[in-house]
Amino acid sequence: MNLNATLIGELIAFTVFVLFCMKYVWPPLNGAIEARQKKIEDGLAASDRAEKDLELAQKKAAEQLKDAKVQAADIIEQAKKRAVLIVDEETVRGQQEREKIIAQGHSEIESERNRVTEELRKQVATLAVVGAERILEREINQATHSDIVEKLVAEL
Amino acid sequence: MAAEEVTLSSHIQHHLTNAKMCSTDTGLAFNKACADSGFWTWHVDTLAWSIGLGLLFLWIFRSAAKKSTLGVPGKFQCFIEMIVEFVGDNVRDTFHGKSKLIAPLALTIFVWVFLMNLMDLIPVDFLPAFAGLVGETAFGMDSHDVYMKIVPTTDINLTAALALGVFILMIGYSIKIKGVLGFVKELTLHPFSSNNKLAMVFLIPCNLLLELIALVAKPFSLALRLFGNLYAGELIFILIGAVGLMQLPLHFIWAVFHILVIVLQAFVFMMLTVVYLSMASSDNH
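Protein chains in written order, with this note's numbering: chain A, 1 to 156; chain B, 1 to 285.
Do not rely on the hints blindly, as some may be mistaken.
30 Å max Cα-Cα, derived DSS-like pairs, lysine-lysine [stated by the list, open to error]:
#1 A:Lys39 x A:Lys23
#2 A:Lys23 x B:Lys32
#3 B:Lys32 x B:Lys67
#4 B:Lys75 x A:Lys38
Here are the simulated distance ranges between beta carbons [claimed, not checked]:
#5 B:Met82 x A:Ala61: 27 to 33 Å
#6 B:Asp25 x A:Thr15: 28 to 34 Å
#7 A:Val16 x B:Pro191: 36 to 42 Å
#8 A:Ala68 x B:Gly74: 50 to 56 Å
Bear in mind the hints are in silico, worked out from the structure with no lab data behind them. All residues carry an ideal CB built from backbone N, CA and C; glycine is no exception.
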């Protein structure tokens, strides 16, 4: 149990072991651990970031969808209004056209009637005169009584 | 009865004796021939087992270091890295300076001392009996002349060597951080100090005595704590081994308890080393 040369041997062995450990064992092991810790940390940070990005994108997409819906509703509304407007306009225009055509027809009919009336009147006058001439052929001079015939024609 | 007592005590004595080697005028001599060779005696069993276990430690950890990857580590690598991280965390918590030496030193002490303590759990008679058999058949020796003490930490030479190494580092760190003058001041101007120069002349020797005792007590306590715990444990294992069939439950209980002791002693040695070196390299005295 006394101290002896073993102590020197062990001291040397201890020193060598520590030096070897310091040079070839600790740095690679500790380095690997630290590098892996860094990697895991980076990975976790990246996944956090990605999650946040995803959330943001989802929010954005939802917003855009809402916007699009509103816009679509707007457009449909406008289109409906426009359709109503067009129908109204067309209805008014059709009405006007119809009235115009009817008025035109009326006026045409009127003028035709006038013309026919005039013609008939003339023919009646002529007929009356002819009739009268036939009746009075002998007793009345056409020239003396033409004013009465004229008056009759005007009265028709 | 008396004869049995002699046998038992010689049995115990046999277990607690190291295999010795020394050089004499006629060449290398062993064991009893070295009884009066003084300091230049080598405990070959302590040396062989401790160096063998040290190499085992370095081989295991070096092969883990070579295979270490940044990717998913294997189970072996996980286990080794767990130990490394455990030691690293303890060192970082305790030692606040920057040093490339402390952490590997702590790892070496922890694992090496643990492995040497672990030899204590091998039943006490296995390896010595085997060595005796080998000595008897291969070398024609009397098996009682073959000594084999397989737990190196029960040899005060080993624990003293570790403590001495730590002590040298303590002195080295003190001088490196505080300078020779700072170290001397630390030893002489505390804990008592006075503004009176004459008083200081009387106080300095007192301080020096106190601080030197405190300084030297550290390696002594390191060496003796480890040695004492393991030597006592080994002695009890030997005693348990001598009580017949009853030794089976007793041995089991003591071995389970010893699992705690061997880890704890390795850890304590490591932590105290780190603490002492941390104290040596801190300037805030």
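Verification of the hints:
For a cut-off of 30 Å, the pair hint linking lysine 39 of chain A to lysine 23 of chain A stands: about 24 Å separates their Cα positions. Restraint check for lysine 23 of chain A and lysine 32 of chain B: the C-alpha separation of about 41 Å exceeds 30 Å, so the hint is violated. Pair hint lysine 32 of chain B plus lysine 67 of chain B does not hold up; C-alpha atoms about 47 Å apart against a cutoff of 30 Å. Taking the CA atoms of lysine 75 of chain B and lysine 38 of chain A, the gap is near 20 Å; set against the 30 Å cutoff, the hint holds.
Checked against the hint of 27 to 33 Å, the C-beta distance between methionine 82 of chain B and alanine 61 of chain A comes to roughly 45 Å, which is inconsistent with it. Between aspartate 25 of chain B and threonine 15 of chain A, the C-beta spacing of about 32 Å keeps the proposed range 28 to 34 Å intact. Distance hint check: the CB atoms of valine 16 of chain A and proline 191 of chain B are about 38 Å apart, consistent with the given range 36 to 42 Å. Taking 50 to 56 Å as the suggested C-beta distance range, the pair alanine 68 of chain A and glycine 74 of chain B conforms, at roughly 53 Å.
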